[in-house]
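In the order they appear, the protein sequences are chains A and B. Following our numbering, the numbering of the first sequence begins with 1 at its first residue and continues without gaps. Following our numbering, the numbering of the second sequence begins with 1 at its first residue and continues without gaps.
For the record, the hints were derived by calculation from the structure and aren't laboratory data. From a predicted model like this one, the values you see are computed outputs, not experimental measurements. Be a bit skeptical, because a hint or two may be false.
No copy labels: a pair is met if it fits in one copy or bridges any two.
Said to hold, decoys possible - PhoX-like mimics (lysine-lysine), calculated; alpha carbons at most 20 Å apart, straight line:
(1) 253 to 173
(2) 238 to 283
(3) 3 to 321
(4) 3 to 99
(5) 107 to 67
(6) 206 to 238
(7) 206 to 253
Protein chains: 2
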Amino acid sequence: MLKEGRVKVAVIGLGRIGLPTAAVFARAGAAVTGVDINPQVVETLQEGSCRFADEPGLQELLSDVVKRRKLVATLDLGIAVSSSQFIIICVPTPVDQTKTPDYSAVKKTSHAVGAALREGSIVIIESTVGPGTVENLIRPILEEESGLTAGQDFGLASCPERSDPGNILENLKSVPRVIGAINGQCGEAVAVLYEAVLGVSVIGVKDPKTANAVKLTENLFRDVNVALANEFALLFEKLGIDTYEVINACGTKYNFVPHYPGAGVGGPCLPSNSYYLIAEGLKTGNIPYLIRLAREINDRMPDHVVELVSEALNEVGKTVKGARIALLGVTYKPNVRDIQLSPVQKICERLEGMGARVVIYDPMLLDEEVFGHRVERCADDAVDSADCIVIGTAHPEFYQLQLRHLSRIVNGRAALVDGRNVLDPATVRDAGFAYRGVGRGTS
Amino acid sequence: MLKEGRVKVAVIGLGRIGLPTAAVFARAGAAVTGVDINPQVVETLQEGSCRFADEPGLQELLSDVVKRRKLVATLDLGIAVSSSQFIIICVPTPVDQTKTPDYSAVKKTSHAVGAALREGSIVIIESTVGPGTVENLIRPILEEESGLTAGQDFGLASCPERSDPGNILENLKSVPRVIGAINGQCGEAVAVLYEAVLGVSVIGVKDPKTANAVKLTENLFRDVNVALANEFALLFEKLGIDTYEVINACGTKYNFVPHYPGAGVGGPCLPSNSYYLIAEGLKTGNIPYLIRLAREINDRMPDHVVELVSEALNEVGKTVKGARIALLGVTYKPNVRDIQLSPVQKICERLEGMGARVVIYDPMLLDEEVFGHRVERCADDAVDSADCIVIGTAHPEFYQLQLRHLSRIVNGRAALVDGRNVLDPATVRDAGFAYRGVGRGTS
Numbered sequence: 001m002l003k004e005g006r007v008k009v010a011v012i013g014l015g016r017i018g019l020p021t022a023a024v025f026a027r028a029g030a031a032v033t034g035v036d037i038n039p040q041v042v043e044t045l046q047e048g049s050c051r052f053a054d055e056p057g058l059q060e061l062l063s064d065v066v067k068r069r070k071l072v073a074t075l076d077l078g079i080a081v082s083s084s085q086f087i088i089i090c091v092p093t094p095v096d097q098t099k100t101p102d103y104s105a106v107k108k109t110s111h112a113v114g115a116a117l118r119e120g121s122i123v124i125i126e127s128t129v130g131p132g133t134v135e136n137l138i139r140p141i142l143e144e145e146s147g148l149t150a151g152q153d154f155g156l157a158s159c160p161e162r163s164d165p166g167n168i169l170e171n172l173k174s175v176p177r178v179i180g181a182i183n184g185q186c187g188e189a190v191a192v193l194y195e196a197v198l199g200v201s202v203i204g205v206k207d208p209k210t211a212n213a214v215k216l217t218e219n220l221f222r223d224v225n226v227a228l229a230n231e232f233a234l235l236f237e238k239l240g241i242d243t244y245e246v247i248n249a250c251g252t253k254y255n256f257v258p259h260y261p262g263a264g265v266g267g268p269c270l271p272s273n274s275y276y277l278i279a280e281g282l283k284t285g286n287i288p289y290l291i292r293l294a295r296e297i298n299d300r301m302p303d304h305v306v307e308l309v310s311e312a313l314n315e316v317g318k319t320v321k322g323a324r325i326a327l328l329g330v331t332y333k334p335n336v337r338d339i340q341l342s343p344v345q346k347i348c349e350r351l352e353g354m355g356a357r358v359v360i361y362d363p364m365l366l367d368e369e370v371f372g373h374r375v376e377r378c379a380d381d382a383v384d385s386a387d388c389i390v391i392g393t394a395h396p397e398f399y400q401l402q403l404r405h406l407s408r409i410v411n412g413r414a415a416l417v418d419g420r421n422v423l424d425p426a427t428v429r430d431a432g433f434a435y436r437g438v439g440r441g442t443s
Numbered sequence: 001m002l003k004e005g006r007v008k009v010a011v012i013g014l015g016r017i018g019l020p021t022a023a024v025f026a027r028a029g030a031a032v033t034g035v036d037i038n039p040q041v042v043e044t045l046q047e048g049s050c051r052f053a054d055e056p057g058l059q060e061l062l063s064d065v066v067k068r069r070k071l072v073a074t075l076d077l078g079i080a081v082s083s084s085q086f087i088i089i090c091v092p093t094p095v096d097q098t099k100t101p102d103y104s105a106v107k108k109t110s111h112a113v114g115a116a117l118r119e120g121s122i123v124i125i126e127s128t129v130g131p132g133t134v135e136n137l138i139r140p141i142l143e144e145e146s147g148l149t150a151g152q153d154f155g156l157a158s159c160p161e162r163s164d165p166g167n168i169l170e171n172l173k174s175v176p177r178v179i180g181a182i183n184g185q186c187g188e189a190v191a192v193l194y195e196a197v198l199g200v201s202v203i204g205v206k207d208p209k210t211a212n213a214v215k216l217t218e219n220l221f222r223d224v225n226v227a228l229a230n231e232f233a234l235l236f237e238k239l240g241i242d243t244y245e246v247i248n249a250c251g252t253k254y255n256f257v258p259h260y261p262g263a264g265v266g267g268p269c270l271p272s273n274s275y276y277l278i279a280e281g282l283k284t285g286n287i288p289y290l291i292r293l294a295r296e297i298n299d300r301m302p303d304h305v306v307e308l309v310s311e312a313l314n315e316v317g318k319t320v321k322g323a324r325i326a327l328l329g330v331t332y333k334p335n336v337r338d339i340q341l342s343p344v345q346k347i348c349e350r351l352e353g354m355g356a357r358v359v360i361y362d363p364m365l366l367d368e369e370v371f372g373h374r375v376e377r378c379a380d381d382a383v384d385s386a387d388c389i390v391i392g393t394a395h396p397e398f399y400q401l402q403l404r405h406l407s408r409i410v411n412g413r414a415a416l417v418d419g420r421n422v423l424d425p426a427t428v429r430d431a432g433f434a435y436r437g438v439g440r441g442t443s
């Protein structure tokens, strides 16, 4: 049935998750309609163009499925929903300035989907939401708008995306999917669909809230463990102990899993996910203190990098005020063209607030405007006449920085602060820099 | 040289780590003198008897090496130290009531070792201590008592034990060892010795404090991750989500490592190790908040079990006051005969404080006196006429509990609180019990 194009799927939200998901469903033979509220996003897809050049294989796949009309794009959510058996919702769920989950896109989408929903369809939520959001927020909206009853007239399930930006097509075909549906029949239908399309195993859990809890638990595991690594780093710096030496030695114990410290945690997931769970905790009077503290530790790491910059500049007799600072790497992680909640933004803003002149280089964003700066075309242009180099993202090319060459083009004696453990401290010092690194003792 | 018995080793402290360590060094051919301050411990070893019946293979090994005079035991630390090239210190490092590291045994041992130390010997610290303790506490004592200089006249190294009680002989021959010495020559000598004796790989780190940081980091990773699991459990109980279902589903993600919630964390290591690092942090004005909070969460779990007991008894119309409570399992983990800092002690004391009559059964402690109670000889004797069963330790036999049978010998309708996820909730309820489990929603 899938191969014959008789399975009709609407994917709502053509962002970093929705777009490859739509493409992969189309490749498997489904007739897919991609929906977005942004006309430019729809137009780009209609042309078969890909907005995510950093997703390997996606451009080729999109060109193919759009050309074969397996995937079409529209602004018209109503038509897409009313003509589809499966409606997959992939809209963003950020947090606002006060760290409160912002479900406005999910709510707005649920209203629109509900208004167009036909009996027998199944709505699948891939967006990351707090446990209970599908049952207590999305379900009532869908039922009220459609006049239908979930579990009886239409299906409803959570199948949270589990992909890693920059590697999404690979993840889609290898990471098992977790499905929590409103009843067994609906769960079975969604499982069959995802297994057939993605070729991955499917883990059925009791209900949507359990599936959403799984998604948050696995991401918070990472956030908390990075925070723990950062806590060790802050302490070991003071004790003159090299955190990387410690963590790598720990890695030889059978039950230890290495996580590394750094300049902070960014991106669309980890900086927000904790707050979805904290919000649900607050409703029950049960605050996840550890998760909240971990988030605060990770959020403070950019400030620590600024402290290291100040220390390192001090060592060469300079102040942050008036210093020219070359910020190498601003994306929230290597190899993605994405500055969403990048901790490097805070580093940039704080240094400028202290009177530094910041120059940015990032190989993923050449010549673009980032944090109010035009990104330089090469590392040399950024480092030229700099008083301090700060490594904000571990892009592969930074491992090959020619330190002796750079030390000749900086402004006299300069500082280098490595926020991502990209460079060997001894080599940096040998090249003449005053070195600081997150988690590295000054001994 | 090892095989010829020309390597002379003193092992100070014949506890759960020191005793198997001494035996394994003796088996490898070293002439080992075991030293303890407790005459009974020395006498037991002299007879070739083993105090740790729960350590597989240890009794046989001790009988053999004692019979062959490869391992001798003495109270006389001075003679043992002055006649040995390697002095391995395995004395306990607990925390006191105020959670302050109690290094008194390490200090006393260091004084005694220093007074008897000969030029050319190497002192190896296996005891878990805070980073800096070897450099700033042990080294000065050894130097002052001996009149010798570390790194010049004698060697000094940390080689923290990394074994898991109940599995120590296995761990000794499989878990790599981390060695941080006072200089390269000493590190090399210790590495050669441990590689030859244990047949494991050795990771050399910069200095003793780095080795001690490794030991603490790997244990705190576990403590913090168990605390995180407990935090999820407390929240998911309120949200009606099964924490085990969540964690097991998370386990299908490539970068997630399952840790499980429970009635608390006990034993000689995890409940204390955080405080060694916190103490060092306090000295630098850098408190590891996350590690401290994790410890507090784990320390509170016994109170949560008491809450669940109260809830479950309430469901069958009973109060804790006057209830007969069968506590199944009191050791700090399965298969060890060890109640050191077992969280079950707190559960027992709190329930008794509330007026319950507690009866204890533990297959590792049959007929012994524990927490002021004589341990029953079988589960049935404990459960007979009980109003509530509490599972405190996941001993293998508890997975086979005959619930229908037990429900007939309890006092009317009874409660069952599973602190260790040993039983299937539905099966417990089907047998007629009011069920509660850590991390299990009541819905």
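Results of checking the hints against the structure:
When the C-alpha separation of residue 253 and residue 173 is checked against a cutoff of 20 Å, the pair qualifies only between copies, where the shortest distance is 13 Å, while the shortest distance within a copy is 31 Å. Proximity of residue 238 and residue 283 under a CA criterion of 20 Å is satisfied inter-copy only: 10 Å between copies versus 39 Å inside one chain copy. For the identical chains of this complex, residue 3 and residue 321 are neighbours neither inside a copy (64 Å) nor across copies (67 Å), given an alpha-carbon limit of 20 Å. Neither within a single protomer nor between protomers do residue 3 and residue 99 lie at most 20 Å apart by alpha-carbon distance, with minima of 44 Å and 65 Å respectively.
Proximity of residue 107 to residue 67 under the C-alpha cut-off of 20 Å is found in neither arrangement, the shortest distances being 33 Å within a copy and 77 Å between copies. Only between protomers do residue 206 and residue 238 lie at most 20 Å apart by alpha-carbon distance; the minimum there is 16 Å, versus 47 Å within a single protomer. Taking the shortest alpha-carbon separations for residue 206 and residue 253, only the inter-copy value of 18 Å comes in at or below 20 Å, while the best intra-copy value is 35 Å.
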